[in-house]
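Undergrad: Chain residues, written in single-letter form:
Protein chains: 2
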Amino acid sequence: MNRIRMTIAYDGSGYAGYQVQPNGGTIQEELEKALKKIHKGKTVKVTASGRTDARVHAVGQVIHFDTPLEIPVSNWRRALNSMLPDDIQVKEADQPTGGFHARYDTTGKEYRYFVRNHPDPDLFRRHYTSHVKAPLDITAMKKACGYIEGEHDFTSFCSPKTDLKGSKVRTIFKADVESRGEEVVFTFKGSGFLYNMVRILVGTLLEIGKGKRAPEDIPDILKARTREAAGRTAPPQGLFLWKVDY
Amino acid sequence: MNRIRMTIAYDGSGYAGYQVQPNGGTIQEELEKALKKIHKGKTVKVTASGRTDARVHAVGQVIHFDTPLEIPVSNWRRALNSMLPDDIQVKEADQPTGGFHARYDTTGKEYRYFVRNHPDPDLFRRHYTSHVKAPLDITAMKKACGYIEGEHDFTSFCSPKTDLKGSKVRTIFKADVESRGEEVVFTFKGSGFLYNMVRILVGTLLEIGKGKRAPEDIPDILKARTREAAGRTAPPQGLFLWKVDY
Numbered sequence: 001m002n003r004i005r006m007t008i009a010y011d012g013s014g015y016a017g018y019q020v021q022p023n024g025g026t027i028q029e030e031l032e033k034a035l036k037k038i039h040k041g042k043t044v045k046v047t048a049s050g051r052t053d054a055r056v057h058a059v060g061q062v063i064h065f066d067t068p069l070e071i072p073v074s075n076w077r078r079a080l081n082s083m084l085p086d087d088i089q090v091k092e093a094d095q096p097t098g099g100f101h102a103r104y105d106t107t108g109k110e111y112r113y114f115v116r117n118h119p120d121p122d123l124f125r126r127h128y129t130s131h132v133k134a135p136l137d138i139t140a141m142k143k144a145c146g147y148i149e150g151e152h153d154f155t156s157f158c159s160p161k162t163d164l165k166g167s168k169v170r171t172i173f174k175a176d177v178e179s180r181g182e183e184v185v186f187t188f189k190g191s192g193f194l195y196n197m198v199r200i201l202v203g204t205l206l207e208i209g210k211g212k213r214a215p216e217d218i219p220d221i222l223k224a225r226t227r228e229a230a231g232r233t234a235p236p237q238g239l240f241l242w243k244v245d246y
Numbered sequence: 001m002n003r004i005r006m007t008i009a010y011d012g013s014g015y016a017g018y019q020v021q022p023n024g025g026t027i028q029e030e031l032e033k034a035l036k037k038i039h040k041g042k043t044v045k046v047t048a049s050g051r052t053d054a055r056v057h058a059v060g061q062v063i064h065f066d067t068p069l070e071i072p073v074s075n076w077r078r079a080l081n082s083m084l085p086d087d088i089q090v091k092e093a094d095q096p097t098g099g100f101h102a103r104y105d106t107t108g109k110e111y112r113y114f115v116r117n118h119p120d121p122d123l124f125r126r127h128y129t130s131h132v133k134a135p136l137d138i139t140a141m142k143k144a145c146g147y148i149e150g151e152h153d154f155t156s157f158c159s160p161k162t163d164l165k166g167s168k169v170r171t172i173f174k175a176d177v178e179s180r181g182e183e184v185v186f187t188f189k190g191s192g193f194l195y196n197m198v199r200i201l202v203g204t205l206l207e208i209g210k211g212k213r214a215p216e217d218i219p220d221i222l223k224a225r226t227r228e229a230a231g232r233t234a235p236p237q238g239l240f241l242w243k244v245d246y
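Chains A and B are the protein sequences, given in the same order.
159 is the number that UniProt numbering gives to position 159 of the first sequence; each next residue is one higher, with no gaps.
192 is the number that UniProt numbering gives to position 192 of the second sequence; each next residue is one higher, with no gaps.
Among the hints, erroneous ones may be present.
Pairs involving identical chains hold if they fit within one copy or between any two copies, as the list cannot separate such chains.
[Unchecked claim] Dumping the calculated BS3-like pairs for lysine-lysine here, alpha-carbon to alpha-carbon at most 27 Å:
1) K210 x K91
2) K243 x K40
3) K174 x K223
4) K133 x K91
5) K133 x K168
None of these hints come from the bench; they were simulated from the model.
Isolated chain A, as found in the complex (with noise of 0.2 Å):
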């Protein structure tokens, strides 16, 4: 059997998430339909790094799955790509060495979040971001991000809905803001990430960003180790997983 890393983009807005379950269509559901016509009907596997939600979408989202078929890498990437709906997209594909796993071997992820700071929507990136009427703060957010960054234990941060149940101590490494244009750009470079932490992070910077609270409120919300503590979920249509490192 040949492994076949891949590194996929897609757009979530039509779909119920990454992962196959019993309502709605699936990013993964649509692989391994891709790879079963590639295998002649049989059932192939996938991994992902991670799932993702309905209607959040990836530009490198990393998976592997185990083939008995002898393609040269390099036509991996083009033969899924004829295959798969024109909203996923193989980017990269190659045959790592050493066992490796897209899920197991992580070692950090990057998620970026998309808001439409202005007035009026923009319709053609509703799907890509999401609406804040009322200006926004970037220097309390971004001092608020700088009480992000570092170890700390993130229950605050995380939906009571998770099947965890483990440490929810994480690392964040970088936690940044930045105004482009019209948007506002949220950057989370992490160990790794709760179960909708980038979202409710994301949907408490914006109530800093709008003066409901303070920067400085990060550290009791955190200490706080209980959801009710922090802000809203941030809507999904704004939420990309970047980039996985192993």
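We have chain A already, so just place chain B on it with the hints.
TA: Below, chain B without anything else, positioned relative to chain A:
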């Protein structure tokens, strides 16, 4: 009756075009459906500056309609936006005097056409650009644009499916192309445009950009006065009705 004028934007991806027709939903249908609700079930006819094709977008389409309602003009925009789907948006509303007509009073229009010029597609721009892999010669296309400007008989750049019986002479005030990062943007301003004219102009310019035709071919194509002389019709999703002048 009060005549209301509106500037509207729409993402044409999900529509069969602007104008009401038997197959598939249209922008006009959505506008009239929303107005019908506001008028408690009474039909209100909407007149636009002109049609746009299936999958073509607008950032500055202009419409008018007549209403017996005495809603302050400053509230019309919000009223209609609250009823419209999220891919159609009223940007401005006013109450013009002197019998304004959205179609008959136009003095010119501006269209823009966006091309992604890169070996790989960008799936987040797939509904708003057409994709050209081969590198494009901007200088050659700019030169060709010079031949398009001015008053010409544009029969060669008009779809034979047109129902226009009259003259196909139009004046192009401006034809231009520029490179913006990974995209190439075409701009056309003119007194009026024939059926598929912008898309045939772009399709022909792209053949010049790829070196398959010379900029100097444009005068001959115009002179030929037959659709076969020009290039392919570029796909609809890169096209935006940008502005209508009165």
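Undergrad: If a hint holds in the structure, say so; if it does not, say that too.
TA: Checked hints:
no.: 1; hint: K210 x K91; result: between (38 Å within a copy, 25 Å between copies)
no.: 2; hint: K243 x K40; result: neither (32 Å within a copy, 51 Å between copies)
no.: 3; hint: K174 x K223; result: within (20 Å within a copy, 62 Å between copies)
no.: 4; hint: K133 x K91; result: between (35 Å within a copy, 15 Å between copies)
no.: 5; hint: K133 x K168; result: neither (33 Å within a copy, 46 Å between copies)
Checked against the numbered hints given earlier, this structure breaks hints 2 and 5; the rest are met.
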